[in-house]
Amino acid sequence: QYSVNRRSMRCTIILCGFFLLFTDQAVSGSFKINKISCKCLDTNFCAFSKCEMNVLRRGVSAFNMRCEIYKKPITNIKVHFELFRKSNGYRSFLLNHTLDYCFYMRSPTSYPLFHAIHKTFITFSNFNHSCPYDHDFVVNNFVYGGNSFLEDIPLPNGEYMLVVRTAFWKAWRMEYKIHVLRTD
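Numbering-wise, the working numbering comes out as the position in the sequence shown, counting from 1, plus 28.
These are calculated hints, taken from the structure and not from any lab test.
C-beta: ideal position from N, C-alpha, C; glycine also.
One or more hints might be untrue.
[Stated by the list, open to error] The following label-pair restraints were derived from C-beta to C-beta distances:
1. Lys67 / Lys198: 37 to 43 Å
2. Met133 / Asn82: 41 to 47 Å
3. Ser153 / Lys99: 32 to 38 Å
4. Asn104 / Pro140: 22 to 28 Å
[What the hints assert, rightly or not] Think about it this way: if two alpha-carbon atoms lie no more than 30 Å apart in a straight line, the pair counts; the simulated DSS-like pairs of lysine-lysine are:
5. Lys60 / Lys99
6. Lys67 / Lys198
7. Lys78 / Lys198
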């Protein structure tokens, strides 16, 4: 079961490598988070009491989120990531992957790309341990400060949207849309 996930992860890494070799637009740059939206797909399961970006100072925003979970404990979590690039609307681009979050938290190095992304906000959240989860999901004052592996991802400049869907017990319950701007 997990060999399929590892195979698709290898394919993603190989695609990133080819993209780096064959594009002249891919350079080191910076990401700026423009907007984040949160949506509960099953209102009997959860509700977002907070999902907002607060401006701290010019060019610096903090993300705060609180998702109240009504059915606890959670022992089965799947997370689906899909990256879109804006080009006459948002089009699927480079990343479309689903992982078993409970397995990932037991062995984070088995998903190196997701682990690099997760490390940027793990200290600001309370979903930083293995299953089961018997509490609400909270992110407090997450400020993306750069200086991470993400700055070196070979992506061309432009607007991107990362859609993260979360399934609990094989039913999609939450969706996050993260809009970012990539610049030199």
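Hints, one by one, checked against the model:
1. Lys67 / Lys198: 37 to 43 Å: Violated, since lysine 67 and lysine 198 (Cβ atoms, about 19 Å apart) do not stay within the stated range.
2. Met133 / Asn82: 41 to 47 Å: Cβ of methionine 133 to Cβ of asparagine 82: about 28 Å, so the range 41 to 47 Å is violated.
3. Ser153 / Lys99: 32 to 38 Å: Roughly 20 Å apart at Cβ, these two residues miss the hinted range, so it is violated.
4. Asn104 / Pro140: 22 to 28 Å: At roughly 23 Å between Cβ atoms, proline 140 and asparagine 104 fall inside 22 to 28 Å, so the hint holds.
5. Lys60 / Lys99: violated (34 Å)
6. Lys67 / Lys198: holds (17 Å)
7. Lys78 / Lys198: holds (25 Å)
The structure shown violates the earlier hints numbered 1, 2, 3 and 5.
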